[in-house]
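**Q** Using the supplied hints, reconstruct the complex from the two chains, each of which is provided in its own coordinate frame.
Below are the chains, spelled out letter by letter.
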Amino acid sequence: DSGVTQTPKHLITATGQRVTLRCSPRSGDLSVYWYQQSLDQGLQFLIQYYNGEERAKGNILERFSAQQFPDLHSELNLSSLELGDSALYFCASSVDGSSYNEQFFGPGTRLTVL
Amino acid sequence: KNQVEQSPQSLIILEGKNCTLQCNYTVSPFSNLRWYKQDTGRGPVSLTIMTFSENTKSNGRYTATLDADTKQSSLHITASQLSDSASYICVVGGDSWGKLQFGAGTQVVVTP
Numbered sequence: 001d002s003g004v005t006q007t008p009k010h011l012i013t014a015t016g017q018r019v020t021l022r023c024s025p026r027s028g029d030l031s032v033y034w035y036q037q038s039l040d041q042g043l044q045f046l047i048q049y050y051n052g053e054e055r056a057k058g059n060i061l062e063r064f065s066a067q068q069f070p071d072l073h074s075e076l077n078l079s080s081l082e083l084g085d086s087a088l089y090f091c092a093s094s095v096d097g098s099s100y101n102e103q104f105f106g107p108g109t110r111l112t113v114l
Numbered sequence: 115k116n117q118v119e120q121s122p123q124s125l126i127i128l129e130g131k132n133c134t135l136q137c138n139y140t141v142s143p144f145s146n147l148r149w150y151k152q153d154t155g156r157g158p159v160s161l162t163i164m165t166f167s168e169n170t171k172s173n174g175r176y177t178a179t180l181d182a183d184t185k186q187s188s189l190h191i192t193a194s195q196l197s198d199s200a201s202y203i204c205v206v207g208g209d210s211w212g213k214l215q216f217g218a219g220t221q222v223v224v225t226p
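Chains as they are written, first to last, in the working numbering: chain A, 1 to 114; chain B, 115 to 226.
Extracted from the complex, chain B is given alone in its bound form (with noise of 0.2 angstroms):
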């Protein structure tokens, strides 16, 4: 079973419109949780790397918060462009070495 489950799997928005991603991950321990964009056939990119100790980092129109507690994680994206149109993935960070888990992805499609 993964350890770090993304919600929704897909969703479509208006261009200029908000929208959130949710990420509840079961990985223990755990030291940090990224948040990384990746366009279609390309690498992924990061937005934001969080700490246990971080519940919020903002990176321009995207803005993250974690909740170590109930190991919950949300991405927010401010008003829409069409180059926001990606995967959105979620990535937990266990060990102390740099094995990360990642999570299955949202597929965000911006529409004008």
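If we strip away everything but chain A, and leave its shape as in the complex, we get (with noise of 0.2 angstroms):
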């Protein structure tokens, strides 16, 4: 158990709706990390947030947003979905977001998008 907690576990959905998923980091890690792993793909950084702010973009569609709240928890918010969002989405933590730090990885939401 790495620390992070992730919710919902599953989560199943139609085209064209919005979803929010959640991320507890580890306590004390100021850092957060979206992930996003689709079938046979590797994984793909989406965003990074330090204490509340913004600190690194990755791939991220137009589509998603997250933010991160006064108590480091995240959220990951995927809206207009396509068949194409079906993925595992991963958080993870560090101490304090520097490329040096471990980052301890959540057990991933499944989302699938029908």
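There's no promise every hint is true.
Stated by the list, open to error - Quick look at which bits of chain A chain B covers, simulated, 3 or more residues with Cβ under 8 angstroms:
id: 1; stretch: 7-17
id: 2; stretch: 54-64
id: 3; stretch: 85-97
id: 4; stretch: 102-113
Treat the hints as calculated values from the structure; they're not laboratory data.
Backbone N, C-alpha and C fix where the C-beta goes; we use that ideal spot for every residue, glycine too.
**A** And the structure:
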């Protein structure tokens, strides 16, 4: 158990809908990352937050948005969902967001868009 | 083009045997290289992290090497066990902030 929690574990929805994925980092970690892993694809970095502020952006679509709240939990919002958005979404956390620090991954949320 | 290339894409090995996975990267600037193990449907788990000044690091039966001059790394698994069946992902850190470049992974299957 990495100490990072993600909810829900599974999510099934229809095209065009909007969903919110939630992540709670390890106790004491200030930085949160979101990743997407499609079937048979490598992990794709989406976005990073540090202490409530956006720090780095990767291949995140405009239909996706995220935020980190004062209690440090984070939410990833996916809207106007398409079939291709079906994937595993991972959240990771680290102490301070430095590239040298280890990132601890949560168990993931499996999103299925029908 | 992916800046982190892994080979082979997959391999099957007999329980008890050794194997070596390769990673070549072009990420620059380079700050560190990590190997992760990912079981199917689960989050990756860190095996090793190396900075440019380190050329080998071990974690139990896993030994990673790094040649920062040639931008190559390898992960050696000794005396493989059935539980080693997983995807092994090479990850390179370049920025000062934690944006990492991920390889596509090598799928390892250990058979009895």
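**Q** Evaluate each hint against the coordinates.
**A** For each hint, the structure was consulted:
By the rule of at least three residues with a Cβ nearer than 8 angstroms to a Cβ of chain B, the coverage given for the stretch 7-17 of chain A is violated, with 0 such residues. With 3 residues bearing a CB less than 8 angstroms from a CB of chain B, the stretch 54-64 of chain A meets the requirement of three and the coverage assertion stands. Figure legend: the stretch 85-97 of chain A, annotated as covered by chain B; annotation consistent (5 residues with Cβ-Cβ distances under 8 angstroms, at least 3 required). Three residues within the 8 angstroms Cβ limit are the bar, and the stretch 102-113 of chain A against chain B gives 8, so the coverage statement holds.
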